[in-house]
Amino acid sequence: MFNQVFIEKSCLSNLRAQNILNKLNKKDPIIIDDHESFFNKVKKPYLQKRDNLNLFIAEKKGRLVKEAPDAYGLDNGKHYYFIHAYNCIYECHYCYLQGYFHSPDIVLFVNYEDIGMNIKELCHNKNETYWFHAGEFSDSLALSHITDEIPYLYELFGPLKNAKLELRTKSANIKAILKQSPLENIITSFSLSPQSHLKQTEEKTPSLSTRLKAIKKLSDHGHPIGIHLDPIIFTENFKQEYEILAKELLEHLDSKLLQYISIGVVRFSKESFYQVKKNYPQSFFLAENMNTSFDGKIRYPRPMRMWILSQVKQILIQAGFPEEKVYLCMED
Amino acid sequence: MKLLVFAHPLEAIAFLKNEKCEALNFLFQGIYQFPSGYILITGEGPQNASETLAGFLGAYHHKIDEIINFGVCGLLNSKYSNLLHQMVEIRTSYLCLKDHLEFKSYTLVHGKNDLPLLDCITHSDRVHNTELRPIADLLDRELWSLASVAKRFKKPIRSIKTVSDIINHSSNDICEVVKENAQQYSEKHYFWFNSLKSETHTEQSSLLPCQSYFHFSFSQKKLYQKLIRSSQIKKIPVSKIEEIQSCLKNKNFENKKRRTAVLIEELEKVIHPFKFKLEQDLAIYKDHFNGLKGNVTFDKNLEQEKIRLNIELENSDDFDTLIHKLSTFPQKKWSDFFKGNINV
Numbered sequence: 001m002f003n004q005v006f007i008e009k010s011c012l013s014n015l016r017a018q019n020i021l022n023k024l025n026k027k028d029p030i031i032i033d034d035h036e037s038f039f040n041k042v043k044k045p046y047l048q049k050r051d052n053l054n055l056f057i058a059e060k061k062g063r064l065v066k067e068a069p070d071a072y073g074l075d076n077g078k079h080y081y082f083i084h085a086y087n088c089i090y091e092c093h094y095c096y097l098q099g100y101f102h103s104p105d106i107v108l109f110v111n112y113e114d115i116g117m118n119i120k121e122l123c124h125n126k127n128e129t130y131w132f133h134a135g136e137f138s139d140s141l142a143l144s145h146i147t148d149e150i151p152y153l154y155e156l157f158g159p160l161k162n163a164k165l166e167l168r169t170k171s172a173n174i175k176a177i178l179k180q181s182p183l184e185n186i187i188t189s190f191s192l193s194p195q196s197h198l199k200q201t202e203e204k205t206p207s208l209s210t211r212l213k214a215i216k217k218l219s220d221h222g223h224p225i226g227i228h229l230d231p232i233i234f235t236e237n238f239k240q241e242y243e244i245l246a247k248e249l250l251e252h253l254d255s256k257l258l259q260y261i262s263i264g265v266v267r268f269s270k271e272s273f274y275q276v277k278k279n280y281p282q283s284f285f286l287a288e289n290m291n292t293s294f295d296g297k298i299r300y301p302r303p304m305r306m307w308i309l310s311q312v313k314q315i316l317i318q319a320g321f322p323e324e325k326v327y328l329c330m331e332d
Numbered sequence: 333m334k335l336l337v338f339a340h341p342l343e344a345i346a347f348l349k350n351e352k353c354e355a356l357n358f359l360f361q362g363i364y365q366f367p368s369g370y371i372l373i374t375g376e377g378p379q380n381a382s383e384t385l386a387g388f389l390g391a392y393h394h395k396i397d398e399i400i401n402f403g404v405c406g407l408l409n410s411k412y413s414n415l416l417h418q419m420v421e422i423r424t425s426y427l428c429l430k431d432h433l434e435f436k437s438y439t440l441v442h443g444k445n446d447l448p449l450l451d452c453i454t455h456s457d458r459v460h461n462t463e464l465r466p467i468a469d470l471l472d473r474e475l476w477s478l479a480s481v482a483k484r485f486k487k488p489i490r491s492i493k494t495v496s497d498i499i500n501h502s503s504n505d506i507c508e509v510v511k512e513n514a515q516q517y518s519e520k521h522y523f524w525f526n527s528l529k530s531e532t533h534t535e536q537s538s539l540l541p542c543q544s545y546f547h548f549s550f551s552q553k554k555l556y557q558k559l560i561r562s563s564q565i566k567k568i569p570v571s572k573i574e575e576i577q578s579c580l581k582n583k584n585f586e587n588k589k590r591r592t593a594v595l596i597e598e599l600e601k602v603i604h605p606f607k608f609k610l611e612q613d614l615a616i617y618k619d620h621f622n623g624l625k626g627n628v629t630f631d632k633n634l635e636q637e638k639i640r641l642n643i644e645l646e647n648s649d650d651f652d653t654l655i656h657k658l659s660t661f662p663q664k665k666w667s668d669f670f671k672g673n674i675n676v
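Chains C and U, in that order, give the protein sequences. All residue numbers for the first sequence refer to this note's numbering, where the first residue is 1 and numbers rise by one. All residue numbers for the second sequence refer to this note's numbering, where the first residue is 333 and numbers rise by one.
Chain C with its partners taken away, still in its complex shape (with noise of 0.2 angstroms):
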C-alpha cells in the first residue's frame, strides 16, 4: 500500500504508531524530525498516490479541533471537526483534497489523548450540544484497521452525554465498530452515490453494494447511521438512478437508527476545480456548466443545484425517509 514509510523521532515510542508498523509489517522505517519538513513543503503531484504513496507517521501540534464551516451539519449545536489524519487512500474524481494538500502522502496522527483531551474542554457547557466530525481531512474508517483508534473514541464519548461524534466514510471497514456496544451519540455515516456514478467518479473505494450491506449490518446490530447524498452529480436520468438508491437504502437500513440523510450537490473550491480538470480532464461532472456560486466555490448555477436538490428530497420524502431527517449539506 506505502511505498515508504516515515516516522517522526518523537512516535518511535507511541504503542499506537508501533501498532501500526507492526501491521503494515514495516520494520525499518524511515525515521525524521518532523512531517512538516517534507510532507507539504514541495508539490507532490495528486496522481502520484497511485504508485508512490508514502506514509508519515506523526504527532498533530497546534489546533487539533476545529469549529466546522456554516451549513456543515444539522442546524442542532455546534460543529467541530478534528483532524486525525491527512489525505485519504481512496482515489475520488470530485475530492477537494487534491486542490487542499499538495501532496497525496497520507499523514497519521497518533496523539489521539491530545484530540481526546481537547474535545472535553470543548464540551464545556451541559446544555449546548457539541457534534464532532471525523473525516474532514481523511476518511475516518478506511484505515481503522491499521490505526485502531475506535476503541478509544468509544471510551472517550461514552461519558460525553452532550457531544456526538460522526464517523463519516465511504469504506465499508466497519469491524472495529462492531466490536463495540452501540451508542447513541456516536453515529457512522456513509457517503453515498448510485454505482453508475461511483463507477465514473471513485476509484478504490467499496461498491454501492459492500457499503449498503456494512451499513445493514450496523443496522441490525443497533449503531446509529448517517447517510450522506453527497456529492449529487446531474445526469440526464439522475432522478431514476436516486430512486434506486433511496429504495436500496430503505432495504438495508432500519429507519428507527437513521439519524440524517444529508444532501449535497457537486461543488469545488477553485484551486481544487483547477486541479480536478488537471488529473480528471474527461470527468463527466465536468461537461456540465459550473459557476462561482455564493461562497467562492465553483457549483452549478443555483436555480439549478436548487431544482436537484428539491428532486432528490422529494425522492427520498417519497420512498419513505421522514422528512425531518433530510437536510441540505452546505447551502445557504
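To be clear, the hints were calculated from the coordinates, so they are not data collected in a lab. The C-beta atom is built at its ideal place from N, Cα and C for all residues, glycine as well. Hints should not be assumed to be uniformly reliable.
Footprint (simulated), chain U over chain C, 3 or more residues, beta carbon under 8 angstroms [to be verified]:
id : region
1  : 41-48
2  : 278-289
3  : 296-310
Please arrange chain U on chain C, whose structure you already have, making use of the hints.
Frame of chain C; chain U shown alone:
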C-alpha cells in the same frame, strides 16, 4: 525539432560522434546542430542549466518542439540499488537550493517505454547524504532548472538519466567514476534516442465547421470548443453535431455570423438541455420589460436574484410603463425560480 540537453560534453559524446553535428555560431559555446535538432551543453549546476537553456530558447524557441535531457543521477534510495548503471525516466523534478526545499515541482512528460519512472531532486550543491530521500529517489544537478525554463517557454520536456552511483557519505570521488563511465552511458542514451519511436499525439477533432458557412468570433470559437469538449465527455455522437451543422448550412441567414450564433444555440440545446431551459425561462422574465428603452440584465452566474435595469426615461409615458412593468413583475415566481422551482 528536438533539443537534446546535456550537462557535460562527455555525456553527449555518442551523439556528437554519430550525428552529423556542427557547432552553432552563437553567443556562447556548447551548441551543436544536427539534421533533426540541436544539442546544448549547459555546464554543471542549476544556474548554468537555466542560463544556457533560457539563452538558447530565447533565440531558437520557434524551432524547438520538444526538449530531452540526458544525464546521470545519484540514487538516494538504496531500495532501488538494482538500478545502478541502468537508465530511468524522470517523472517529477524537485529542487533543493542549499538547505531550502523549493515548493514548486515540475512533472515532466514521459513516453510509453519500459524505463522505470522515478522522481528526481536537483541540488545546488554536490551532496553526499540521503537526507532528501523522503522527497525523491534520485538526485541530479540540473533538471529542475531545465524544466522551469521549458515551462516558461511552453516546451514539453522529458528526462532520461542513468543511475551512476548510490549516494552515501563515502561517495566523494564519484566524479571520477562518472567520468570513467561517461562514454558508455552516452552510448546507451544514444541507442535509446535512436529507438525512440515518434509518439503520435492525435489531437481531438475540434469539428470546427466549414469557414465558408460559419464565421466565429474569438469568444464564439472558445465557446464552441468548450461545447464540443462537453459533447465528447457526454458521449454525444459526432454525427449528431455534424447533422446540426449541415442542417444550418442549408438554411438562409442574413450572414455567417448569425448562422454561427444559431449553431451555438442549437448545440447548447443538445449538449446542455438544462442550461438551455434556464435561459428560456430567463428570456421570459426579460421579455416582461419589453417596451422600455434600455437593458435588463441578470446576475451572470445566476447566483443572486438581483435584476439590473438600465432604463432611459424620457417622458411621463416611460415613467408609467416602468411603474406598470415593476408592479406586475412576477416577483414570487422569480424568487421561486432561484429556489429550484423549475418546470423541467
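Against the structure, the hints come out as follows:
{"no.": "1", "hint": "41-48", "result": "holds (count 6)"}
{"no.": "2", "hint": "278-289", "result": "holds (count 7)"}
{"no.": "3", "hint": "296-310", "result": "holds (count 10)"}
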